[in-house]
Amino acid sequence: MNQPNSRPTSELMLRETASQTAGPYVHIGLALAAAGNPTRDEEIWNEMARDGAEGERIEVVGTVIDGNGDLVRDAFIEAWQADAKGEYQREFDLKKPFNSFGRTATTFDHGSEWSLKTIKPGPVAHASGQPQAPHINLAIFARGVNIHLQTRLYFEDEAEANGKCPVLTRIESPTRRQTLIARREEIDGKVRYRLDIRLQGEGETVFFDF
Amino acid sequence: MQEENKRFVERDRNWHPPAYAPGYKTSVARSPQQALVSMQKPTVSELSGPDFRHLRMGPHDNDLLLNFTQGQGLPQGERIIMFGRVVDQFGKPVPHTLVEMWQANAGGRYRHKNDRYLAPLDPHFGGVGRTLTDEQGWYRFRTIKPGPYPWPNDMNSWRPSHIHVSVMGPSISTRLITQMYFEGDPLIPLCPIVNTIKDRDAVETMIGRLDMARSTPMDCLAYRFDLVVRGELQTFFENQ
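So the sequence lines, in the order shown, correspond to chains A and B.
Using this note's numbering, the first residue of the first sequence is number 1, and each one after it goes up by one.
Using this note's numbering, the first residue of the second sequence is number 1, and each one after it goes up by one.
For reference, chain A alone in the conformation it holds in the complex (with noise of 0.2 Å):
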C-alpha cells in the first residue's frame, strides 16, 4: 500500500501533512462546551489558573475581527505561556493550580469574545541575553483560515520590557507592533486585558512565522 507520507519526497526528508481548515464546527472537537456539547471528565479549556497559582490573577479576552471589520463568531484559540516566574509548564495536569496551556473560542453567544482565566506571566529567558517581555503566545484556527495563525499577545502596562523584546522589536514598523498590545482594563478590582485580532486590513494584527 502505498502510503503517501512514508514516501520522502527529497532523499532527505518526508513532507509535512498539509494543513487544512478547522472548519465551521471545530467546537465539536476541540471547545466542547462552547458547542453546547457534553464534556467528558476532564478538558483543555480556558482556565488556566486556579486557586492556588502563583501569580497576579488576571483574564484576558478579546474578539476576532474579519476583513470587512464583522466579528469572527467561530474561530477557536490556543494559548501557550509561562508561569509567574517565567517558566513553562510542559506537563499539562489539571490538578496542578496552573497549566502554561489553556483553549476558548468565540462562538455566536457570549457577545462573541474569547477569554482566558490565567496569571500573568513572567518574562522569559532569550538567547540573546535579553529578556522577551511578558507574553503569551496564540494560534487562531477557524473556518476560512487554511493554516492557523501565530502571534503573541504583550501588555500594554510593560512598556518598557516591551520596548527591549528581541521579538516585539523585530517587527519593522513600530506601528504594527502595537496590534499585539492588550490593553489593561479593571473591572470591580479585577485585571482584564483585551486584544482584539484583527485578521485583515486596517490594524491587521502581526502574524509570524516560526
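Where hints are given, some of them may not hold.
Heads up, simulated DSS-like pairs for lysine-lysine below, C-alpha to C-alpha not over 30 Å straight-line [stated by the list, open to error]:
1) B:198 - B:41
2) A:117 - A:95
3) B:113 - A:85
4) B:113 - A:117
5) B:41 - A:164
6) B:113 - B:6
According to the in silico footprint, chain A covers these stretches of chain B (three or more CB under 8 Å from chain A) [as the list claims (entries may be wrong)]:
7) 7-19
8) 124-133
9) 142-150
Hints in this document: simulated from the structure, not taken from any laboratory.
Glycine residues also receive a C-beta, built at the ideal position from the N, C-alpha and C atoms.
Fit chain B to the supplied structure of chain A, relying on the hints for placement.
Then chain B, alone, in the frame of chain A:
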C-alpha cells in the same frame, strides 16, 4: 534549557495552503494581507509545548461507537478503524502526543447547534475522539465513516467525507490541524477546501488508505492515516 538547542525544519508554506485562496470564499475576508513576520530565531516560547500524558481520558475517548451513549445503542453507518502513526519529517516516531478528531455522522450531519442540514442526528453518535500516541507513535480510533455534506460556497458545493484531525507534536511549532479524506472519493478533486492546496502530492498526504490487513473480519474496515509533523533538529555551532 534543552529547547535552546532545538529547532524545527522550516514550514514549506507553498506546500501548505495559502491564507488567501479565493475558491474557498470564507478565506477571502479571513486572510492577512500583510506578510508574516518570520522569527529567524524562534525562542523557548515557540520551541516548547504541552505534554498531555497527565490528561485523564475516559475509557472510550477514542471509540466513537461507544463514547456518546456508552454503548446504550450503536450508531448507524460504516464501522471503521482509523489508525496511523505520527512521525516527524525524519521518520522519527512522535510518542505520547495528543491526537484529536471530530466528524459528522453517516448522513453528513454534525452534532453542533449551527448545523441545520436536514439529514438527521444519530442519537448514538457524538462525533468526537481523542487519544495519545503510544511509545512508537501509533494512534487508533474506532468510528463510523462520515457522510459528505453540502455547504454554501459555490452553487452546489459538497464536502468529501472527511474527519478533522488535530495533532500537537513536541511543541507549538509542530501544532497542526488537517482533515483526513478517504481513498477513491470522487468528491475530493471537486472540493474548494481541498483545492486550496496547489500541489497534488500535498493533497495525497491527507488521504486515508483502506488497509484490509488491519480490518476486523465480519466487524469493521480499517483506514490508515499517517501524520508527519515538522522535523526536530539539534542546532550546532551557534552564537560563536
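Cross-check of the supplied hints:
1. B:198 - B:41: Measuring from Cα to Cα gives roughly 29 Å; hence the hint holds.
2. A:117 - A:95: Status holds; Cα separation ~16 Å.
3. B:113 - A:85: violated (41 Å)
4. B:113 - A:117: holds (26 Å)
5. B:41 - A:164: The given pair, whose Cα atoms are some 16 Å apart, holds under the 30 Å limit.
6. B:113 - B:6: violated (43 Å)
7. 7-19: holds (count 9)
8. 124-133: With 3 residues close enough to chain A, the hint holds.
9. 142-150: As far as the region 142-150 of chain B goes, the hint is violated, because 0 residues have Cβ atoms under 8 Å from chain A.
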